[in-house]
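Starting from the structure of chain A, add chains B and C where the hints point.
Listed here are the chains, written in short residue letters.
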Amino acid sequence: MTKKPVQFQLNGDQKATFVDDGQNLLDVLRRGVGDLTPKFGCAQGTCGTCTVLIDGQPHMSCLTLAETVEGKSVTTTAGLENGAELHPLQKAFMEQFAAQCGYCTPGMLMAAKALLDTNPNPTREEVVEAISGNICRCTGYEAIINAILSVAGNSPQRYGVR
Amino acid sequence: MAITVETHDRLDDAARALASDQNARFHGGGTLVMRTVNEGDEPFSKLVLTRDPAYREIRSSGGSVVLGAGVTMSAILANRELSFLHPVARSVGGPAIRSAATVGGNLFAEAPYGDFTTALLALGASVEIAGSGGQSSIDDWLRDRDRNRNRLVRAVSLDRVSDDRSFRFRKISRVKPKGVSILSIAAYLPGSGSRITGARIAFGNMAEKPVRSSGAERALDGQSINEQVAEAAAAAALDGLNPVSDAIASEWYRREVAGVHLKRLLIEG
Amino acid sequence: MPVEFRKDIFSEERDDNLNEIGQPTQRQDALGHVTGRSPYYDDHLFDNLHHMRCKRSPHHHARIRSIDISAAERMPGVRRILLGKDVPNNLNTLLSLLDFGIDDEPLIADKKVSYIGEPVAAVIAETDRQARDAVAKIRVDWEVLPHVLDVEEAVRSDAPTVNDVYPDNVFVYHGSYDHQKLRYGDVDAAFAQADHVVEGRYQMSPIEQAPTETCGAIAAPETNDRFVCYTSTQALFFSLGTAAKLLNVQSNRLHFIGGTVGGGFGGKVDSLHEPMAILGCMVTGKPCKFMFDREEEMQVGAPRGAERWYVKDGVMNDGRIVARKFTGYFDSGAYTRLSSYAIIKCVGHLPGPYTIPNVYADVYCVFTNRTPATAMRGFGITGVDFAIEAHMDKVAETVGIDPVELRILNAYRDGDMKAHRRLAKNTALIECCQVAAEKSGWRISDQARQASSLRDGGGDRAQLPPHTVTDQNGRVEGFEGTGYAGGNKGGMPSPMEQYQTIPATPAAQPAPQPSQTAAPANRPAAQPSQPPASSVPPPPPPATSPDADQLRDRTRHSRRFSSISGLRRR
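Chains as they are written, first to last, in my numbering: chain A, 1 to 162; chain B, 163 to 431; chain C, 432 to 1001.
Please keep in mind that the hints were generated in silico from the structure rather than gathered at the bench. Check each hint, because a few of them may be wrong.
[To be verified] Listed next, the stretches of chain A that the computed footprint assigns to chain B, with coverage defined by at least 3 CB atoms under 8 Å from CB atoms of chain B:
{"hint": "1", "segment": "12 to 25"}
{"hint": "2", "segment": "75 to 83"}
{"hint": "3", "segment": "96 to 104"}
{"hint": "4", "segment": "111 to 121"}
{"hint": "5", "segment": "127 to 140"}
Note that the Cβ used here is the ideal one computed from N, Cα and C, for glycine as well.
For reference, chain A alone in the conformation it holds in the complex (with noise of 0.2 Å):
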């Protein structure tokens, strides 16, 4: 099978993998440089536990071939820590219990930095449909919903936009 050479940025860092054709970016983070950040969980792009950011934008990557990520910027849930500190979504969502089995946490988050970045003051509407494309099974909507409102609205700051 033929492999193909992809340079692109992971949170901030310079990465160069290969890519089988047709491979889809979900796989390539995950096999291919190692972040096991994003989540498998259906390869359809039902679920939105596998979101990741491409230049600044919510994408599933479980549906975005891994090929069309060259020379962009990926941004996934491994790179919201400042150092040792919490991104303030992930103080958040550890405070007021917004992760139960965790396995859609990482997705929320990137949904959530996603609605931030670009809507620091979000109405509730806003939140439920930023996050209306992923799926939390443990059904713990509302702690989510409120702990995105929690950092929103505070001071970038606080928010900490990166």
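Just chains B and C now, with coordinates in the frame of chain A:
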């Protein structure tokens, strides 16, 4: 079957590559085609892509707008001039799907997807084929959709709707705030302030692909909307329609609720 | 909405000044979750990880005439294709570890399939894609058989046999009956005296747990001839024991690592993935992953089973329920898995949280050509509670009593005798009803508001019924009351034969309701998976062999669980 991926700088080259190989499929945003690739044993062996900026261009001139087939739902939502299409674009997936899903891909989406195409059908859009493929009405293009699979759609053009009341769209799903659609309805009602002339009512998921409801259109033409007219349109809505049964809803259920939702769309806007 | 604690209720029964209980605490796994570092089974990277995909049945019910894997074997990247014959001990029932039930399910089907999605072959390839492409090349010659999808159709005598181990399509309880019984008092006498008899039929469909992380396992060779298995299981030791049995290896050769589960809700106890992944690892010598994709999770993953209930209540004009009779059907799907146990649990719960002096239940565990059912959040209870509470509303309407007051009137109270013959304690239904009524602005009478679960229970209500009517309905022949499910596979003598506690006496006037007697003579007899017990007198196993230790273990288990003990076909 192993897959090969070909990416072309120019749209016309991509169109030629697609047309020359029956085992090729075009990759627009990937939301449909990658799902098939992930499942393996796909019925095609080549993916064709293009990097051509023209493919992703939104152009408006005068009262009309041209959407490159590679324009994403997110790009439509970010464009203020396309506000009449915002409710439609927002109904497609969550944000992560919308930043990939394209206008062109939606044209090929099979039930239960394709809500954007339902709107394009009501709006009487025309479909522009790359190369020397020319242009056809969306009605004709949808009719021949299976034969169009290897003809690359370059763009879709349509008249801009200025009067908010004359274009209405609703997607009905069981999951809130959104889920896969039970059905979607798009209604183009020119002159809806007084008497309607040339109504176009399109249903998504009431057949294998988006379809117009000639029964509802006849009931609305020459009328102004009131309870009675909406009732008549709802009663006639299913003439000639053959809704599908799937995991989302049965044919029976779709038949039962289609008229109800059409009536609400007409009365409540 | 914030949680409101009503600590005024039962305050004297509780110490609210504890250091941990009642205090907010940080979950120990939260940091791993929000950083994406919690180690789910798929978060372990291996060089040369092989991938397994199954060829699955497209039919509800079909005999396998032949399987042609030759084209698939030639596909790129394919390392091995497993069939049923490659599984060392290809017959199991999950609860055999609790000595409950007969082995009735192959890991990989080799004779026939009984539900859509049942696996008949497993491809092991270098990539997931290659495994999928190869699966598409496997050709199976199917002989499609008639199928049955409805529980009541399945128990009719003309229904096709779903599972050859249970030819009448019903699980056999205690080696004696085709259903689980509850008999408490005399319902028929009470119905005759009741002012109203209220009947209802209720049913609920299967529910897929749909965890976001699909079920799966990765196995890899470890040092000392062991295998490590990372798994999504919710029942680690259950899966360990099941894998050891199916693969016929000592459990100390298996090193199971789990505990981080991406949503389970009961759907990750079936222990199918671990033995498959380990077997894949054994035959290739390479790390092997077996995971459901989303479609498999939805179609093949075992759901909460469907249930159908008939409920009949005898009610007095003042709202007192004097008798309640149940006929229930659990849809187990094609194999037993956990439905047999769900019914034991269910029958212990009847008639719900109410004190009713006469209770009767016949509950059937029915095999149909549907996906096998398994655990899910309160299974065995949830479905019948829906039926009971819907029926309570129907009773309230029939008798003309407020539905909340009807519940308070009939609620069990501390000290009451329950139908499973244990005294109730810490019953709080009355208080729950009162608070629910208060919070929803539902007006109830002063009398109902002043009721208490701590008062007016016990006394006469603590007494067993003076007379309980029993019967032999649904008696079956040809099964025995105890026995380890594994039986004497591989010529291994089963010690269980010493513990056949329930003699199979001839049925005394079976008058089953609904009409369902086992009539083995009229039905195709199932092929016993082992020689008839009577022909193999169990020699005492040599004390020094490892098998003997294993067998002694089983013996102990058999005794311990004899109260719900299973059965063996003779």
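Hint by hint, here is what the structure shows:
1. 12 to 25: Coverage by chain B holds here, the residue count being 3 at a Cβ distance below 8 Å.
2. 75 to 83: violated (count 0)
3. 96 to 104: violated (count 0)
4. 111 to 121: Held - the segment 111 to 121 of chain A has 3 residues with a Cβ nearer than 8 Å to chain B, which meets the minimum of three.
5. 127 to 140: holds (count 7)
Violated hints, listed in ascending order, are 2, 3; each of the other numbered hints is respected by the structure.
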